[in-house]
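Student: Build out the structure end to end from the sequences listed, making use of the hints.
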Amino acid sequence: MITIATFRELCLSMPETTEVKHFDRQAFRTKRKIFATLLEEASTANFPFTPEEQAAWCKLAPGVFYPVPGGWGLQGWTTVDLKKVKKSQLVDAVQSAWYHAAPAKLQEQFRMQNGL
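Residue numbers (this note's numbering): 24 to 139.
Worth double-checking, as some hints may not be accurate.
As the list claims (entries may be wrong) - In silico DSS-like pairs for lysine-lysine, Cα to Cα no more than 25 Å straight-line:
| hint | residue 1 | residue 2 |
| --- | --- | --- |
| 1 | K106 | K44 |
| 2 | K128 | K56 |
| 3 | K82 | K107 |
| 4 | K56 | K44 |
| 5 | K44 | K54 |
| 6 | K109 | K82 |
| 7 | K110 | K56 |
| 8 | K82 | K110 |
| 9 | K106 | K82 |
| 10 | K128 | K54 |
What the hints assert, rightly or not - Label-pair restraints from in silico Cβ distances:
| hint | residue 1 | residue 2 | range |
| --- | --- | --- | --- |
| 11 | Q132 | I27 | 27 to 33 Å |
| 12 | P92 | Q132 | 32 to 38 Å |
| 13 | E131 | P92 | 33 to 39 Å |
| 14 | P126 | G86 | 33 to 39 Å |
| 15 | G93 | Q136 | 35 to 41 Å |
| 16 | I27 | A78 | 23 to 29 Å |
| 17 | K107 | E32 | 17 to 23 Å |
| 18 | K54 | K109 | 29 to 35 Å |
| 19 | K106 | D47 | 18 to 24 Å |
| 20 | Q132 | K106 | 29 to 35 Å |
| 21 | A79 | F133 | 15 to 21 Å |
No lab work stands behind these hints: they were computed from the structure. Where a beta carbon is used, it is the ideal one built from N, C-alpha and C, also for glycine.
Tutor: Structural data, given as structure tokens:
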């Protein structure tokens, strides 16, 4: 089980990330855009993956990752159950979502630091 504090810490560990209020949730964003939202009461988080990434995550860990209902889910928004996800999976998911939201200069730094 991943605690809310651990999820928050993982998101905020990504470069140039801030936490902001987003409707009934907390959101984690770069200067460009949101890469994760957190619904504390349900111990779930949402990520804006591509539809292909969403399919891969949902296949890898069914019942842990699943599409957000409705149109948002069709666009790739994916829910993760923090009570069920493995920390290694969550780290990868946060990094992937952050990467897509990061400005180009941060993407390049991330690739270089991670040998990608």
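Student: Hinted pair, alpha-carbon criterion (25 Å max): K44, K54. Please report holds or violated.
Tutor: Given that 25 Å is the threshold and the Cα spacing comes to 15 Å, the pair holds.
Student: Taking only the CA atoms, is the gap from K82 to K107 under or equal to 25 Å?
Tutor: 15 Å, holds
Student: Just tell me: holds or violated, for the beta carbon distance of G93 and Q136 against 35 to 41 Å?
Tutor: 37 Å, holds
Student: Is 29 to 35 Å a correct range for the gap between the Cβ atoms of Q132 and K106?
Tutor: The hint (29 to 35 Å, Cβ to Cβ) holds, given that Q132 and K106 are roughly 33 Å apart.
Student: Does the Cβ pair K107, E32 satisfy 17 to 23 Å?
Tutor: 19 Å, holds
Student: Can you tell me whether the CB distance of E131 to P92 sits inside 33 to 39 Å?
Tutor: 36 Å, holds
Student: Are the Cα atoms of K56 and K44 separated by 25 Å or less?
Tutor: Holds, at roughly 13 Å.
Student: Starting from the hint 15 to 21 Å, judge whether the C-beta atoms of A79 and F133 obey it.
Tutor: For A79 and F133 the Cβ distance comes to about 20 Å; the hint holds.
Student: Take the C-alpha atoms of K128 and K56, compute the straight-line distance between them, and say whether it is at most 25 Å.
Tutor: It holds: about 15 Å lies between the C-alpha atoms, which stays within 25 Å.
Student: Does K110 pair with K56 here, judged by a C-alpha cut-off of 25 Å?
Tutor: Holds, at roughly 24 Å.
Student: Could one say that the CB atoms of I27 and A78 fall in the range 23 to 29 Å?
Tutor: 27 Å, holds
Student: Just to be sure I understand the hint, the distance between the Cβ atoms of P92 and Q132 should be within 32 to 38 Å; is that true here?
Tutor: For P92 and Q132 the Cβ distance comes to about 36 Å; the hint holds.
In the structure shown, no violation is registered for any of the earlier numbered hints.
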